[in-house]
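The hints should help you fit chain X onto chain Z, whose structure is shown.
2 protein chains.
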Amino acid sequence: MLSVMRADVARVEDRLREEVRVDFPFVGEILQGLIEAGGKRLRPLLLLLAARPFNYVFERLLPAAVGVELLHTASLIHDDTVDKAMLRRGRPTLNSLFNTETVILLGDYIFARSAMMAAATQNPRVVQVFASSLAHICDGQLREIFTARELQQSIDDYRKRIFGKTASLFAGSAEMGAILGEANDEQIDALRRFGGHLGMAFQIVDDVLDLRESTDQIGKPAGLDLRQGTITLPTMLFFQLNRGNGRHAELVRRVVGGHDATDEDYATATAVIRESGALEHALEIAAEYVRNAKEELRAIPAGEGRDMLEVLADHSLSRTS
Amino acid sequence: MLSVMRADVARVEDRLREEVRVDFPFVGEILQGLIEAGGKRLRPLLLLLAARPFNYVFERLLPAAVGVELLHTASLIHDDTVDKAMLRRGRPTLNSLFNTETVILLGDYIFARSAMMAAATQNPRVVQVFASSLAHICDGQLREIFTARELQQSIDDYRKRIFGKTASLFAGSAEMGAILGEANDEQIDALRRFGGHLGMAFQIVDDVLDLRESTDQIGKPAGLDLRQGTITLPTMLFFQLNRGNGRHAELVRRVVGGHDATDEDYATATAVIRESGALEHALEIAAEYVRNAKEELRAIPAGEGRDMLEVLADHSLSRTS
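These protein sequence lines map, in sequence, to chains Z and X. Note that UniProt numbering numbers the first sequence so that position 293 is 293, with each residue one more than the last. Note that UniProt numbering numbers the second sequence so that position 9 is 9, with each residue one more than the last.
So here's chain Z without its partners, still in its complex pose (with noise of 0.2 angstroms):
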């Protein structure tokens, strides 16, 4: 269903391609690879979508496509520093080539470039939504980071934490879509939360994976949120499905508290994170997001380009990786 979008999708990609050249040698090439490992695309395809059933000009809806992603890209690579990741998207992250110096600046030029692009909309109000985005999502990340190895917050700090991080672009990607596609207000407010629910299952789904999933399928290293110390939706799960008693809980609070745990801990507490149901009932949580986001297309014109929408939003259960 969605392959009619393939063509402009591969347009977004060459321009991507193009606006990270740059003049310094070897930076330039893994700046390339890096944009070439890719991903799925989902926040430029989520912007084109929901311009689709209003007035879709491509040309128009091109720059912030590609600032969107740009903007991803370069919160990724300052995250992998922040995360000392050595692996993303199945490659070695920048964070393992260069020094960390090197890489926060590639990751502000990367964002200087994403600012570019969302210049080159030459509207003021996506340009609004697009700096929004960005201070939400370093909100969000602060949070990750000032949340640590907290055992005390609730699944609403989680929510709000997740909601910065990742759905605030997925939100502002459907917004500028509409805006640009000149949807009236209420259809661009819908498509705004639209993108948000989609991006909180999104984040649901990717925190699901880090302790279901292996590291070759993921493409990053599995089970790094409970290494990292941060709390995710399944593990607050796991804690009220046994009430933080037994054993068992006392295994994963020491290994979210990061004292002494072995590899062997980790390892034990995932199994029995994944043994208690938690992921599951994250699942369905994740499912009642895609439900409220399907909720939202009410507004919009049905047709072809609503229910590309309503494929994407289903697609975000069922992925894998």
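Do not rely on the hints blindly, as some may be mistaken.
Any copy, or any two copies together, can satisfy a pair, since identical chains are not distinguished.
[To be verified] In silico SDA-like pairs for lysine to any residue, Cα to Cα no more than 20 angstroms straight-line: (1) Lys40 - Ser3; (2) Lys160 - Val22; (3) Lys40 - Asp210; (4) Lys160 - Gly28; (5) Lys40 - Pro221; (6) Lys160 - Thr102; (7) Lys40 - Arg319; (8) Lys160 - Phe24; (9) Lys160 - Asp23; (10) Lys160 - Arg21; (11) Lys40 - Ala7; (12) Lys40 - Ala222.
No lab work stands behind these hints, which were simulated from the structure alone.
Structure of chain X alone, referenced to chain Z:
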């Protein structure tokens, strides 16, 4: 002469403080302190002054003026991480208080706030100048990293590097002010060049101060450039003056190369550069930039606004911190 601007700069300061208000404990206070420690607000002042000979509407200029100072602050935060500087503007850097991860994200957060300010101008042309200034800054900082300890670079390489790192935001600030003041295109271009020349002079003076003054005087560690292998204009001129020959040149080469240099070596290298006349020569080049800057003011209507721009240009040469 510039005192007539004091009230408006104070309003910029108030807004700056508001913009870095965050609800993370501790971080908020640190950011407030960082903003209060201040610096000279040269970029906002330049932006305001560039509008002064035209249609000066303070409320329209305010977001852009706050935006350029936030952009500058964000880039200092990341630069301090890069430099591993423990002192800036006479205060401990964020880098000395938080881990690298947090500092990167706080810098990103300030970037985001600055982008929101640019967006708040609602002026696509201003947003575009803003974004491209950011790209130039990153480019300049990357050049600085990639040319560190590289003795084969030319004075033209140096000019290109400091244009990116410093002068681009001066050029951009003046350009944004002129755009928002509704100057005509010729005047906007002239003011952009004025700002660029001013920024070049400013950075050259900075590079001289790094070698000439004490840590107390400049509020950051003196002699940092030599230690980091950043080859600045005075060092280049030093090599030119003695044709790269002799015991002194050999010492400076070794120190800049970073090979087993002791604290005493750094002190001696600083002394021989000072005594070579290279600092005076560098200041003459800075003075030439200031002259070129003032030439550009011919395109601007005579009056108090233009006079203040001239004073600002002269001031960039006479500063000692």
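Going down the list of hints, with the structure as the test:
1. Lys40 - Ser3: This pair counts as within: shortest intra-copy Cα distance 13 angstroms, inter-copy 55 angstroms.
2. Lys160 - Val22: Answer is between: at 15 angstroms across copies they meet the 20 angstroms cutoff, but 36 angstroms inside does not.
3. Lys40 - Asp210: within (17 angstroms within a copy, 48 angstroms between copies)
4. Lys160 - Gly28: between (36 angstroms within a copy, 19 angstroms between copies)
5. Lys40 - Pro221: So Lys40 and Pro221 pass the 20 angstroms test inside one copy only (18 angstroms; across, 46 angstroms).
6. Lys160 - Thr102: between (31 angstroms within a copy, 19 angstroms between copies)
7. Lys40 - Arg319: Close inside one copy (11 angstroms), not across copies (52 angstroms); limit 20 angstroms.
8. Lys160 - Phe24: Cα proximity of Lys160 and Phe24: across copies only (14 angstroms, versus 39 angstroms in one copy).
9. Lys160 - Asp23: Classified as between: cross-chain Cα gap 13 angstroms, same-chain 40 angstroms, threshold 20 angstroms.
10. Lys160 - Arg21: For Lys160 and Arg21, only the inter-copy Cα distance (18 angstroms) is at most 20 angstroms; the intra-copy one is 35 angstroms.
11. Lys40 - Ala7: Intra 14 angstroms, inter 51 angstroms, cutoff 20 angstroms: intra-copy only.
12. Lys40 - Ala222: Intra 19 angstroms, inter 48 angstroms, cutoff 20 angstroms: intra-copy only.
Every hint from the earlier list agrees with this structure, and none is contradicted.
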